[in-house]
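**Student:** Quick note, the sequences are listed as chains A and B, same order. Quick note on our numbering: the first sequence kicks off at 1 and runs consecutively. Quick note on our numbering: the second sequence kicks off at 1001 and runs consecutively.
Take these hints with a grain of salt, some might be off.
[What the hints assert, rightly or not] Derived pair list, reagent style SDA-like, types lysine to any residue, alpha-carbon separation capped at 20 Å:
id: 1; chain 1: A; residue 1: K114; chain 2: A; residue 2: L92
id: 2; chain 1: B; residue 1: K1306; chain 2: B; residue 2: K1114
id: 3; chain 1: B; residue 1: K1041; chain 2: A; residue 2: D180
id: 4; chain 1: A; residue 1: K114; chain 2: B; residue 2: L1105
id: 5; chain 1: B; residue 1: K1114; chain 2: A; residue 2: L92
These are calculated hints, taken from the structure and not from any lab test.
2 protein chains.
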Amino acid sequence: MTGTALTDFAKQLDKTAEDTEALLSQLLSDAVLPDEIARPKRVVDAMRYSSLGGGKRLRPFLVVESAAVFSVPREAALLAGAALECIHCYSLIHDDLPAMDNSDLRRGRPTLHKAYDDATAILAGDALLTIAFDIITRDEIHREPAVRLALTRALARASGVGGMVGGQMLDLAGEGRFGDRGPVDVARVQQMKTGALLRFGCIAGAILGQASEAEYKALDDFGRALGEAFQIADDLLDVESDAATLGKPAGADAELGKTTFVTQLGIEGAKQRVRDLLARGDAALSIFGAKGEVLRAAARFVAERKN
Amino acid sequence: MTGTALTDFAKQLDKTAEDTEALLSQLLSDAVLPDEIARPKRVVDAMRYSSLGGGKRLRPFLVVESAAVFSVPREAALLAGAALECIHCYSLIHDDLPAMDNSDLRRGRPTLHKAYDDATAILAGDALLTIAFDIITRDEIHREPAVRLALTRALARASGVGGMVGGQMLDLAGEGRFGDRGPVDVARVQQMKTGALLRFGCIAGAILGQASEAEYKALDDFGRALGEAFQIADDLLDVESDAATLGKPAGADAELGKTTFVTQLGIEGAKQRVRDLLARGDAALSIFGAKGEVLRAAARFVAERKN
Chain A
1 MTGTALTDFA KQLDKTAEDT EALLSQLLSD AVLPDEIARP KRVVDAMRYS SLGGGKRLRP
61 FLVVESAAVF SVPREAALLA GAALECIHCY SLIHDDLPAM DNSDLRRGRP TLHKAYDDAT
121 AILAGDALLT IAFDIITRDE IHREPAVRLA LTRALARASG VGGMVGGQML DLAGEGRFGD
181 RGPVDVARVQ QMKTGALLRF GCIAGAILGQ ASEAEYKALD DFGRALGEAF QIADDLLDVE
241 SDAATLGKPA GADAELGKTT FVTQLGIEGA KQRVRDLLAR GDAALSIFGA KGEVLRAAAR
301 FVAERKN
Chain B
1001 MTGTALTDFA KQLDKTAEDT EALLSQLLSD AVLPDEIARP KRVVDAMRYS SLGGGKRLRP
1061 FLVVESAAVF SVPREAALLA GAALECIHCY SLIHDDLPAM DNSDLRRGRP TLHKAYDDAT
1121 AILAGDALLT IAFDIITRDE IHREPAVRLA LTRALARASG VGGMVGGQML DLAGEGRFGD
1181 RGPVDVARVQ QMKTGALLRF GCIAGAILGQ ASEAEYKALD DFGRALGEAF QIADDLLDVE
1241 SDAATLGKPA GADAELGKTT FVTQLGIEGA KQRVRDLLAR GDAALSIFGA KGEVLRAAAR
1301 FVAERKN
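If we strip away everything but chain A, and leave its shape as in the complex, we get (with noise of 0.2 Å):
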């Protein structure tokens, strides 16, 4: 990208990341319970704590931007990407837990259990998870309930034991937690436990846009060569980068004795592999001509990324 081009898309990424803010701060008020039952405040403060306060908020950016595409209303496209993001904030949290990947920091702040306890993390990630599915059905995303159903459901699918749990499963396997760790499939965790999430972020645009099999199949083609690019940069950054950059250890994968794709094609190799799956992204796009042009710029930023 050219120094004017990057700095128009990271208006478009700020914007969206303000309004998502906004939207989520509204979403986890007492607008969504019940009018009949007060809301038990410290469960609240926490799912806030955990959603709000920052964030690039891809996730939600890739599904409005999949969705403009297919010039999908930027408010319909954005309660979506609300739900996504919900989702993606309560796999952070679990992640955190003790029992889990054990993290005291997250984004330069204390993790969840740390801030608060391991109970309540456990809940508030319990009521993040749960509440994607309210959002996710709201009239306003879609006229046809038939629409909104098929989201719904890509939703549970990418985000459930054959997409984001499952894959988290098969990484804390992976570092030997269960016994014998046996040979790692890396792009197959990749493809579920980061992989899933921002695959239903480009194809959210596609649902909601009622496109044809062909500019589905495109943005699940390019959704899949982001997320493996994505996953390519993180486990780069861990081992080019430093805490302070990152908001949270770096070397952490080198210390577990992790197979990730950097150990497995080398730093150079895994350099070349990232620039292939941005012209396979670039190759998906083709089929939507300059309408693709920002989710081009998204796959370069996701690749080229310092956090």
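Given the coordinates of chain A, assemble chain B onto it according to the supplied hints.
**Tutor:** Showing chain B alone in chain A's frame:
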């Protein structure tokens, strides 16, 4: 109930429990996972450990019988019931964790985190919660997408921060977990923690049956009465039963110094309250005439159960 009626009721309950068991076993198999990604066996095994092999399946029974009032096909109601049971089972897994209630025994067997480990238990709970929203959106549940959406949203509301999860948070706070325990609103905790899912079981039939407003309200009122009766019976069992009958330790509430319906009303007062609730439930069901018979029996079963 007369002896014969009780036997008939027990047979119906057993039949639905068997059907639910078979359905869950099928739903929690390879069939639910996307073809391109093999399942992570450990988490699927853990999901099956906690959701198969018994239980009264009271919640699916309520879905099936409230749906039967409107002649909804049994297969559709069983699917919705299975989704609800996944939510119930996930909640037991997470509640049993060391960070929460720290329970070693459930239905006379080691709890999931004892049989496996804490990380697997957290993930299996997350996966069961998530798969519930995959199941509840299935085409076979109702031909109208709008009906499935309404059911999906009602399930999310019942399960989340304004329902079950919020209730568990209030319950932990009531144990003095987060400092001063302050006054405990036992009825409010019950309505959220255990009541919300039981109530959903009853209104699910109204949603599936596209009930009139009056019919919906009748099942809602009935569900609330049944839910409170269920919890009072639970509190009574904790003081009047033993571990062998309960399949979990008795006297746990007293040990925690918990405020319950029994500490608030006394044993006789609690029993009188159950009788009042049964009368209220009967009155609510009167709109359905003879079609409400099985639900009336279900309320009695809940109130008089021994474990």
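**Student:** Indicate, hint by hint, whether the structure satisfies it.
**Tutor:** Each hint tested on the structure:
For the hint pairing K114(A) with L92(A), the CA-to-CA distance comes to about 13 Å; that is within 20 Å, so the pair holds. For a cut-off of 20 Å, the pair hint linking K1306(B) to K1114(B) is broken: about 26 Å separates their Cα positions. Our distance criterion of 20 Å between C-alpha atoms is met by K1041(B) and D180(A), whose separation comes to about 15 Å. Taking the CA atoms of K114(A) and L1105(B), the gap is near 28 Å; set against the 20 Å cutoff, the hint is violated.
Distance check on the hinted pair: K1114(B) and L92(A) sit about 24 Å apart at the alpha-carbon level, beyond 20 Å; violated.
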